[in-house]
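K.L.:
What follows is the residue order along each chain.
There are 4 protein chains.
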Amino acid sequence: MVKVLGINGSPRKYGETFKLLLLALKAAKDEGAKTELVNLYDLDIKPCIGCLSDEQVACRYPCIYEDDMRKLYDKILEADALIIATPIYWFSPSGMVKNFIDRLTVFENMIYITGKSWVEGKVAGFIAVGNDSGSIQVIANLMAALNAMGFIIPPWAMAYFNAKGNVLEDEGSVMDALNVGRIVTITAKIVKGIKEWYIPYSKEQISMYKRLIMDVIKNNKSKQYQERRLKYEKLLSMKS
Amino acid sequence: MVKVLGINGSPRKYGETFKLLLLALKAAKDEGAKTELVNLYDLDIKPCIGCLSDEQVACRYPCIYEDDMRKLYDKILEADALIIATPIYWFSPSGMVKNFIDRLTVFENMIYITGKSWVEGKVAGFIAVGNDSGSIQVIANLMAALNAMGFIIPPWAMAYFNAKGNVLEDEGSVMDALNVGRIVTITAKIVKGIKEWYIPYSKEQISMYKRLIMDVIKNNKSKQYQERRLKYEKLLSMKS
Amino acid sequence: MVKVLGINGSPRKYGETFKLLLLALKAAKDEGAKTELVNLYDLDIKPCIGCLSDEQVACRYPCIYEDDMRKLYDKILEADALIIATPIYWFSPSGMVKNFIDRLTVFENMIYITGKSWVEGKVAGFIAVGNDSGSIQVIANLMAALNAMGFIIPPWAMAYFNAKGNVLEDEGSVMDALNVGRIVTITAKIVKGIKEWYIPYSKEQISMYKRLIMDVIKNNKSKQYQERRLKYEKLLSMKS
Amino acid sequence: MVKVLGINGSPRKYGETFKLLLLALKAAKDEGAKTELVNLYDLDIKPCIGCLSDEQVACRYPCIYEDDMRKLYDKILEADALIIATPIYWFSPSGMVKNFIDRLTVFENMIYITGKSWVEGKVAGFIAVGNDSGSIQVIANLMAALNAMGFIIPPWAMAYFNAKGNVLEDEGSVMDALNVGRIVTITAKIVKGIKEWYIPYSKEQISMYKRLIMDVIKNNKSKQYQERRLKYEKLLSMKS
Chain A
439 MVKVLGINGS PRKYGETFKL LLLALKAAKD EGAKTELVNL YDLDIKPCIG
489 CLSDEQVACR YPCIYEDDMR KLYDKILEAD ALIIATPIYW FSPSGMVKNF
539 IDRLTVFENM IYITGKSWVE GKVAGFIAVG NDSGSIQVIA NLMAALNAMG
589 FIIPPWAMAY FNAKGNVLED EGSVMDALNV GRIVTITAKI VKGIKEWYIP
639 YSKEQISMYK RLIMDVIKNN KSKQYQERRL KYEKLLSMKS
Chain U
439 MVKVLGINGS PRKYGETFKL LLLALKAAKD EGAKTELVNL YDLDIKPCIG
489 CLSDEQVACR YPCIYEDDMR KLYDKILEAD ALIIATPIYW FSPSGMVKNF
539 IDRLTVFENM IYITGKSWVE GKVAGFIAVG NDSGSIQVIA NLMAALNAMG
589 FIIPPWAMAY FNAKGNVLED EGSVMDALNV GRIVTITAKI VKGIKEWYIP
639 YSKEQISMYK RLIMDVIKNN KSKQYQERRL KYEKLLSMKS
Chain L
439 MVKVLGINGS PRKYGETFKL LLLALKAAKD EGAKTELVNL YDLDIKPCIG
489 CLSDEQVACR YPCIYEDDMR KLYDKILEAD ALIIATPIYW FSPSGMVKNF
539 IDRLTVFENM IYITGKSWVE GKVAGFIAVG NDSGSIQVIA NLMAALNAMG
589 FIIPPWAMAY FNAKGNVLED EGSVMDALNV GRIVTITAKI VKGIKEWYIP
639 YSKEQISMYK RLIMDVIKNN KSKQYQERRL KYEKLLSMKS
Chain G
439 MVKVLGINGS PRKYGETFKL LLLALKAAKD EGAKTELVNL YDLDIKPCIG
489 CLSDEQVACR YPCIYEDDMR KLYDKILEAD ALIIATPIYW FSPSGMVKNF
539 IDRLTVFENM IYITGKSWVE GKVAGFIAVG NDSGSIQVIA NLMAALNAMG
589 FIIPPWAMAY FNAKGNVLED EGSVMDALNV GRIVTITAKI VKGIKEWYIP
639 YSKEQISMYK RLIMDVIKNN KSKQYQERRL KYEKLLSMKS
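Residue numbers (my numbering), protein chains in the order written: chain A, 439 to 678; chain U, 439 to 678; chain L, 439 to 678; chain G, 439 to 678.
Hints should not be assumed to be uniformly reliable.
[To be verified] Derived EDC-like pairs (lysine to aspartate or glutamate); straight-line CA-CA distance at most 16 Å:
1. U:661 to A:468
2. U:641 to A:608
3. U:627 to A:493
4. G:648 to L:607
5. A:602 to L:492
6. A:656 to G:474
7. A:659 to G:516
8. A:669 to G:504
9. U:441 to U:480
10. L:661 to G:516
11. G:627 to G:516
12. G:648 to L:608
13. L:672 to U:493
14. U:661 to L:492
15. G:630 to G:516
16. A:648 to U:504
17. U:602 to L:570
18. U:656 to L:492
19. U:659 to L:492
20. G:648 to L:492
21. U:648 to A:634
22. A:627 to A:469
23. L:669 to U:504
24. G:641 to L:492
25. L:641 to G:607
26. U:648 to A:468
27. U:669 to L:608
28. L:669 to U:493
29. G:484 to U:480
30. G:513 to G:469
31. G:669 to A:493
Everything labelled a hint here was simulated from the structure, so no lab data went into it. Here the structure is a predicted model, which is why all the values come from computation and not from measurement.
Isolated chain A, as found in the complex (with noise of 0.2 Å):
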């Protein structure tokens, strides 16, 4: 069985960002899934002070804070999936899940102690909700920042409203939220078994590589370059 652990970075428990929360992890339990819910503003999330600047291996599980992150970091390594979901604030995420996202370097940044992220494989959706533009940049940067840490988006991977009114009477977004629950779910079950994703090449194979591709580029570039050049001395000779 999977779990799909659902973070709610909007204060507001009644409002839309919450409610599209709500039906992305009841598809997510149709599904099959176990699910939890954790609002951040319940808990005291401390901002990141950037330990890995001074001293990279001094970033790490379970962060030199004894906050509120100490029991979240736990319910996160024992999740199959995340799904995010943060009103809309200037286009951005919340202050509030900016910390949480802040606060999950912990787990990346094990490559440097472990050899590897402890969060990489885990599935990610997003949901976004604010009364004005802002839902694709939000949902784009974490979707970079969680690919980044070794996280899976799915298809589909988010739900999204930018409009003033009940989220609920969108069609659309409610399918979309349900969607990503049932999706991140079904594709959490898939990737379960596998431990690997990213893997360190030796210097032998990097070595290897490296000579196959500058063979192809030095053939390229003797046909290509030249013929540019040639333009740019027409160019460079104009009177500007």
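Fit chains U, L and G to the known structure of chain A by using the hints.
P.N.:
Positioned in the frame of chain A, the structure of chains U, L and G alone reads:
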């Protein structure tokens, strides 16, 4: 066997973008994929003219334009994964790459014609290279766009380089590019059999979900909302 | 005399972000500005709880929270320009900086109370530093947010550094940071007297403009639209 | 008298993007500007081929390509302000608009030839329209790009619309577009006389600034850094 299609969006077939794409494709091949590389700058790809804003169903495969995308469309349909490599021009993909992305709309928009995005469940990897900043902005934008067409983004789906000099001397970037190729291939194998991701929910299901959510919300609102409003009154009575 | 307020969003008062901010403030001072530096990590800044989603006018200066933003709000009101310096955490500003930005809403939202954003016409500059990619994504997001509050972004309003090592050894970044301080100051002097930027147009004016535009559109549509529709019919009759 | 050049990046001269651009240009005219509108889709604009990656000084006005940008380049040089209007295709500007932006590099890159960006100090405004999300992502990207070429972004430099239907029925968007035109014009008048923004600092000045900063940093580091390291040791000694 899975097919991985590399899209080169750089005009220079000897530059750093191209090198990272070659690395990714070689690693894909070594993982068992059939690979092919397409150079966008060798093709005539007209800019999208936004037919769907006039008529939703007018945007459909194989597009109103009879240009070189016709052949490329068929390669994409056959591919299980795309690796899109772009130079970074002004912190975003080159106009050539953007034209390519815009023209992919014919596949996603098949939702309105056949009920399904024709690129749903394909896998995507990304390479971005520039002398200056911008790689993550490029990758985040592409990621969100392709995910919204139905593509899967596997873990560590990105390789980038933001410096001058030969990217092959940067071991991190080389390793990342190899992993993009490898992981994209592995993921394509895993999901190859899956025919359905996004599903429509029936009117009845949506009503049922809405009722469930509204019950939770009502309960939460009666608890939290009043408390918040009391605080507003205090603030609103302040003299500012 | 103009006042330039530097906002340090880095927890490390000896790091690269901080260095660039010091440079910018020194150049501002040399240009004749009064300067001050505030370290966000020394302050208690609570995360925004999105009051305006409950009640538009509840979000107003001086905010529902009585924390250290109260003092900072007054510094901002007195300042003619802000220079926001942030470390790059996961390709976006640190959660601390994001909380600061979110809490600025009380100024912009005065539109609904006094008819005007209280930060309109102030000048903004940006500094972003990280070991990895992301500087432009950070700056682009901050730029859009502050511009949407009414800030002016002068030319070359950004300095960034995406590498390891001492930023002071990177002449380009040093020069950029000095120019951020200088140009922000020059711009603040130029626009200091201007009291009004955004104006409301009357219903009558809006109607008049709408009619004018509709006339052009009708004419254009009769020319271009039919031609496009003819092409659609050809496409729609194809067998796909 | 100032000149405001409107760049229409939409293929539909009767669509919502075009309407907002017309509004902005009319408001600019009413503010006393000379205005002109250019439709990118009527022009042959070849994709940038990245000459500067081969040879920094090969990218220069009037570009290696002799296409319709030649005329447009001269219009831009004469203009005091640009208003760029783009449809939103996949959460970013259309490929056509991106080709236009990429080709502006010839102006910015004059830094390496004449010591100065030829678009420095010009004013920029932005319009973005789409059926779905993405407007702020588009505008943020364009803003960062143009600012990095030397453009000024005046307050409220954006108008956008992310919905279906006639944008002229959305009073907020109409008002925003009118203000973009007005404010861009006002700003262009204010800064018209200014010939110099970014300045090079001499080696001596840079050394002086570096020494000043290093003194502050040394002092701060001796205070704060040791305290932080002590905490790391505690963490590093934990069993994980």
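K.L.:
Going through the earlier hints one by one, which of them does the structure break, listed in rising order?
P.N.:
Structure breaks hints 1, 3, 6, 7, 9, 10, 16, 20, 21, 24, 27, 30.
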